[in-house]
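Undergrad: Just so you know, the protein sequences line up as chains F and Z, in that order.
One point on numbering: in the working numbering, the residue at position 114 of the first sequence is 114, and numbering is uninterrupted.
One point on numbering: in the working numbering, the residue at position 174 of the second sequence is 174, and numbering is uninterrupted.
Read the hints as simulated data drawn from the structure, not as lab findings.
Among these hints, one or two may not hold up.
Said to hold, decoys possible - Below are the EDC-like pairs computed for lysine to aspartate or glutamate, each with C-alpha atoms no more than 16 Å apart in a straight line:
no.: 1; chain 1: F; residue 1: Lys29; chain 2: Z; residue 2: Asp47
no.: 2; chain 1: Z; residue 1: Lys330; chain 2: F; residue 2: Asp7
no.: 3; chain 1: F; residue 1: Lys98; chain 2: F; residue 2: Asp135
Chain by chain, the residues:
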Amino acid sequence: MVKYFKDILLGFWTIMVGMKITMDHLFQKKVTMQYPERFDPIDTGFMPDNSRNKLFVDIDDCNGCGGCERDCPVNCITVETVKTVPSDGPITIKSGAKRTLWVLKHEIDYSKCCFCSLCVESCATSAIFHTKEFDYSGYDRNELKHDFVSYSDEEKQKKLDNFVAYQIVKKQEDAAKKAADEAAKAAAAQITK
Amino acid sequence: MGNFVFDLIGKNIVAALVICIIPLVFILPYALIAILGELKIGAWMQDRVGPMRTGWKGVLQPVAEVVKLLQKEDITPTIANKPLFNLAPFIVFIGAFAAFAVLPFSEKFIPSGINLGLFFVFAVGSFAVIGIVMGGWASNNKYSLLGAMRSVAQIISYELPAGMVFLSIATIAGTLDMQTIILNQSGPIWNWYIFGGPQGGAIKFLFIPFFVILFIVYLISSLAETNRTPFDIPEGESEIVAGYHTEYSGMKFAMFFMAEYANMYVVSAIIVILFLGGWSSPFGTSFMDGPIWGIFWMVGKAFFFVFVQIWLRWTLPRLRVDQLMYLGWKVLLPLSIACFMAIAFLAMIN
Ligand code: SF4
Ligand code: SF4
């Protein structure tokens, strides 16, 4: 019987304690920061190093290997390339290695991207990386596709044409070389006979 | 009891319509204010700022929510029992709205001054449970049914202590008429029933604890009857999705929502009428008293208890079903019966 009343009083008392706590908090300073007006991680430049936000591709550093495209689990990267030709001259990527492929398209569809960072892991030249930017949106799904290549259509077409032209030249050269080889071989055979 | 609308227009159909509409005109803005209060107070108690974007500091948020609810698609499950499913929210709302018929707003205005006011409120208060069971059963959803069953168990359990409280006040006041109960308490603040009522002289001070206990008992059971936290097990979202209104959407859900807020005001008003002098001024009959101030005191005091309900909601966790039954049957009911006997004794010696 004593315990019964004690329990009731205790229950009542704890409710009072709880209500006092919430009442105190009612008048306390609020901790919420209103996001677009104030956002400390961007204002102070502090964003965790391992945070995974919007991606960026430094196209001057991308050798077009397509590793990111293959590794992406949701297939949101599209890489299109064309081979370089000798007439382009000695071109390198930013890190100094020889460029063998022109990147004509490197598109990331952010509406699909799950920010798993696998593309970043797979890039040998560290051309693709996460930025600190994360708040972006669009009125259309296609606005979320971002192409990092800035060549104009003519430039792209020129590169393609160069490649096709070089292909023909190379074929002729190959044929000539083959003929020469054949001739040399025949001459050598003649001699050994 | 005076009814200023009848004095103004005369006893005709127009007056009756006006009287019907006044509570409705009161409920709609009140519900918006209560929803805003719920959002903002809840946020502040958790050190958040709550809605901030709609209007100045988010004051238009409830309007946005209501508009959103009105626009939403009204879905009826294919295998639901359609007539009952569609009827249920309105029954619940009517139950809440009917109580407004006998709630006085001031000494000059009470929609219907019947002399069984307290009894009427009690009767229509249990009306809501029919709507809840109807909705829960007709939804053809196990969570809805579970919620409805819990609701029945809860409301029936907590109506008994609430009934004992009504009975005690009816005994000491000698009437079931709301206006008379309030008139009894007019005058200085110690005439309120929470301080023992107007009668009794010095001996009444011995009985004040019983009145205070009754007050707390009714506060608790009123929470249970309106399905408010900590007694929201009929709609406990972490256990049974949303209880009896799981399947409701759009306008019909809004009706349940409105009914809950209307009910909050009803029980708060009853607390104020029974224990805190209704529309009478706490400063006696000479200061800030009169029909207009009456509205201020009545609504102000009731709003305080609406605030208390919100405050409790953001403080206490939900009770378990067995704890709910324990509290109702083993604590509140014996306590209220004991207090009833003590108060009956006080009424007798007066
Ligand atoms: S982060 Fe993941 S999902 Fe996004 S582009 Fe890279 S590999 Fe694909
Ligand atoms: S893995 Fe790196 S280098 Fe290769 S295509 Fe992708 S971004 Fe370019």
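Undergrad: Run every hint past the structure and note whether it holds.
TA: Okay, the hints, checked on the actual structure:
1. In summary, the hint linking F/Lys29 to Z/Asp47 is supported, as the alpha carbons are separated by about 7 Å, within the 16 Å threshold.
2. Taking the CA atoms of Z/Lys330 and F/Asp7, the gap is near 12 Å; set against the 16 Å cutoff, the hint holds.
3. About 36 Å separates the Cα atoms of F/Lys98 and F/Asp135, which puts this hinted pair outside 16 Å; it is violated.
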